[in-house]
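J.: Protein chains in written order, with our numbering: chain E, 1 to 585; chain L, 586 to 894.
Treat the hints loosely; a few may be bogus.
Unchecked claim - Derived DSS-like pairs (lysine-lysine); straight-line CA-CA distance at most 30 Å:
| hint | chain 1 | residue 1 | chain 2 | residue 2 |
| --- | --- | --- | --- | --- |
| 1 | L | Lys-652 | E | Lys-148 |
| 2 | L | Lys-676 | E | Lys-148 |
| 3 | E | Lys-420 | E | Lys-316 |
Honestly, the hints are just simulated from the structure, not real lab data.
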Amino acid sequence: MFLSIALSVALAIFGIGLVYKISAWFRYTVGIDAQGIPPSARVSAALRGILLTAFGAEILTLLRVFFLDVILQIRVLREDALRWLMHICIYGGFMLLLLMHALDGLVTSRLFPDYFSTLNPFMFLRDLFGALVIVGLAIALYRRFILKVPRLMSNAMDHYAIIIVAVIMISGIVLEGTKIASYSSYREMVEEYSGLEDEGELRSLEAYWVEKYGVVSPNLTGPFDAETLEQGREFHEMSCGECHSRPQWAFTGYGVTRIMGSAALWFDRAGMPAILWYIHILACLVGLAYLPFSKMFHIVASPVSLLVNAVMDKEKSAPANIATRQAMELDACTHCGTCTLRCSVGIAFEEIHNVNILPSEKIASLKALAADQQLSERELRIIQEGVYLCTNCYRCTVACPVGINLQDLWFTVREALLQKGYPEFLVLSPLSFYRGLMREDLVNADYSRPLTRAREAIVAHCDLMKSRDKALPLTPTDRGFQGGLSLSAQANTFSVCFGCETCTTVCPVVGNYDNPKEVLGLLPHQIMHACGLGVRDLAYGSNMLWDCITCYQCQEQCPQGVCVTDVLYELKNLAINNVKEKLSQ
Amino acid sequence: MNFALFLGCTIPARLSQYESSSRAVLGKLGVGLYDIEEFNCCGYPLRNLSFKTFVLSSARNLALAQKEDLNVMALCKCCYGSLRKVDHLMKENAPLREEINTTLEREGLRYEGGIEVRHLLSVLYHQVGIESIREKMERAYEGLKIATHYGCHVLRPSQVVQFDDPVAPSIFDQLVEVTGAESVDWATKLECCGAPAWGINDDLSMDLTQKKLKDGRQSGADYLCAACPYCHIQFDTVQGAILSQRGTDHRLPSILYPQLLGLAMDIDGEVLGLEMNQVPIDGIGGFLSNERSAVSNQLSAGSEETDSG
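Chain L with its partners taken away, still in its complex shape:
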């Protein structure tokens, strides 16, 4: 189970705790990660300006992965969506493929298709498997309610991204529930976090985020859970701006999924970067049971429920 880890631009620069917590969790689960230094931007931010630049950017990454004969795991959902989209285009659109490859060949690269692009969550669910994750649980959450935020670019367009059922997805919820936490149903679970409008139309962006925070709060969730740097920064840093500028009381901290999982695996909080979140998540430890026996009891009860469901 080896992957080329695709970090993208945002994580190393602004959300290093997502990288460190993902590496720690995946390391415990036996997933091998390789770093390809030459990886570039996935092209997502450039798609508004130039479709070709967008395709070329992702195609170069795919070609680099192909050269190393490694499938790609993205942590960012926008990177994931872009890489999947371009992989799809490069397979379907022969003239485009030729044009892009002509450019890539100038630096000795070429992409013909054949690289699997996966997201962290799909690797955890499909490659590692819920049962293997359960075996690594050291502690379990009790009474913790989590509002999962799927993120648009893993769900849609479903024909291209093929992550989960676009209307009733469950991968993320199952991954949350293996930690003992409860994944609540909430109204805007599958809606946009608001990040794509941030910096372009801040009012719109804050409206969308605020709506999600409000819905999440109403569902009784203690935390939002995200697995994408844009979504998380939106729920974290931008939530801070919303709280201070708009004076709302829809405070709902966001935890990154590998942080949530890592704590239940007894990974050090410093490695998980718990302190680095802007809207503090230090209350999360209070939901963790300390005894392993309690964990296994609860987990087996949990698995029975899942089986019968």
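The following block holds chain E by itself, in its conformation from the complex:
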């Protein structure tokens, strides 16, 4: 009764959760490309796509991917053999337990009419599968908590996943151990099946079970004489042997029995087997009910991601299907951290402590954005910086064990964020090279606006730039400014500048304009001079900084050895930090 009610409730929550989560694939909007496509269009595009694929030649690709990537998980193996072993143990062991043990009434007993959970090979296999999961869990714990993989983060979901599986497994094994030892279970079975009434006969059977089957009896302890055991064996074979293999085959549970020793008696009297049964069943049902809302939902979404990405082509697929795929991919992420491990700029996290730099951590922010959660300006700017701080090297995408096209996710989310209007200063760095190359793909976006907005935000914090026509006060606007130009030892060389203008003369950017001052603001020699005077605002506020192509002509040609390009680099750092500080105030 309890079981069927609890199971129904868990299944109902699981079912509702599944529908809710899968419908989110069609409801959620990830990035700029998905904007303006209604869910109904996405559902019909998906149905059309599925039908076309199912009856096309691509079905062979799907079968290959299903076998190699979903079942055997070759992509994980290619990345990291230890992690593959871990995952195969947990997923393989758990799936087999689910089919053979949890669903024994539906599956095993139909396939094998002789099935008895206490008979070999089933009893041994149950423990073997359980042991596989335990080995996998041990590797998972080792990997997350002992092996210090740089920048591998573990979040609450990872802990939950490990804990729920661990509780299911450990409660199951301990339950088995206490049941093997349980005297009350033994008595029940004797009363039901043996038909023995004679005290002596009962005693010999009990002795045999204490000796050979691990039962811990309050009345009898070994050693027993051979005659008693022989008699017990005969009764055993008459009534019990048909349904019971030796418990040593259930090696994990039997191990628990041996460890408990005579304490098993106490556990049995305290009703531990029943308590453990409830724990075991409840943990399984909680796991089932919570599955769609947890990281474990990847059991559903990851195979979908692998299959879909195997047959979808960015160029040919309908935008509606790409929008759906990207929403689905957010659920497919298992937070394994492979992308972060391979990330070209992951190391930047050690200096710039923004977790959104790390691809595996970006996913959580993308989920919040897709679900249209209300995020503050500050949160949005932090996500924006993390998503922009990417060299678009595709290493995350190539490495992802579940085939998520991470690179496309970053790109489309990046644009959606930029269009929200908060300045992103990284657009003024060579990271924008890729955005320039992708310009034609940005049909929904205002390409130039983020670039001008970043420049404007910097100038807005340089007061002197606003009073261009007036005579400027020559008292330093910031006494710490010159001293601050010290990141690299070369940067303070501006002080020996004597204003010969060689740097400006050789600058190809200056040379590109008829009236360079109008376009660029201060020219290189003037910026060096502004540094000498300590006029920070003029140095920070000139377009020259962001239009500098770092060709080092100025620095190479300077007769005084001023490291002009290095000074400009440093000014860019300071100017950006200056604005960022002011914006976060």
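Let chain E serve as the given structure and place chain L on it in line with the hints.
T.: Coordinates of chain L only, in the frame set by chain E:
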């Protein structure tokens, strides 16, 4: 002659023909290449934002190479410039070195200096040598005029990068001429390709590139030759944008140096990825002589010229 090959971020993602052609050419020349999977971005794109992140990025790469006891060969000139700069800083600036190493030690790494950072072209010139390359020539170009583009970050700042004479470099020209092609003199040979401004100020970027294309054309060059992914993509993909948006007639296709060299070594065009360039370079085959004898005659004549010069 073994190197850790530093590919950087751009080549594997957007210019795989540079990698495949370099591997093929270097393989024929007996240069051993090792891949260090853990290599990260050189830090160049992050230098505008954070100097420390820039240094840390390159220092980690150098530390990884040091752990394997391998010198580094970069294919990208911006990677080369960054790695050289950071190598220099880590040697010169003790407090910075300590700070960076404290961070690196968290993942069991440390860099004290001592790794040589080289560019593909400097390896070909200094380690392999012009004569060894000449021996591997199967065919020679005839009447082909090449405008070499050196790229800023190998030439300057010369004290740090130490690639060649920053004012009158010749390594690249000699490497081009060993194939039988003529390396022309042109006005903006040592100027920026325009790529650093691409995506930040596209008009400026196109102005600079267009000027180079125009100068190259005026010098009579048939092709630009680059040995850097940024420069090449600029001369290739961005040139495509310039041609379509600005309607100019300064069309000058760019060929990657290992593609140019590889063809003369009779390496398969598919391996060299000739088809993958955006502005087509399929006319290049027309400049190749087919007979080996012609090659050796011309090459010996070429070497005499070089000797007397």
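J.: Evaluate each hint against the coordinates.
T.: Here is how each hint holds up against the structure:
1. Among the hinted pairs, L:Lys-652 with E:Lys-148 is consistent with the structure: their alpha-carbon atoms are about 18 Å apart, no more than 30 Å.
2. At roughly 29 Å between alpha-carbon atoms, L:Lys-676 and E:Lys-148 fall within 30 Å of each other, so this suggested pair holds.
3. Pair hint E:Lys-420 plus E:Lys-316 holds up; C-alpha atoms about 29 Å apart against a cutoff of 30 Å.
Taken one by one, the earlier hints all hold for this structure without exception.
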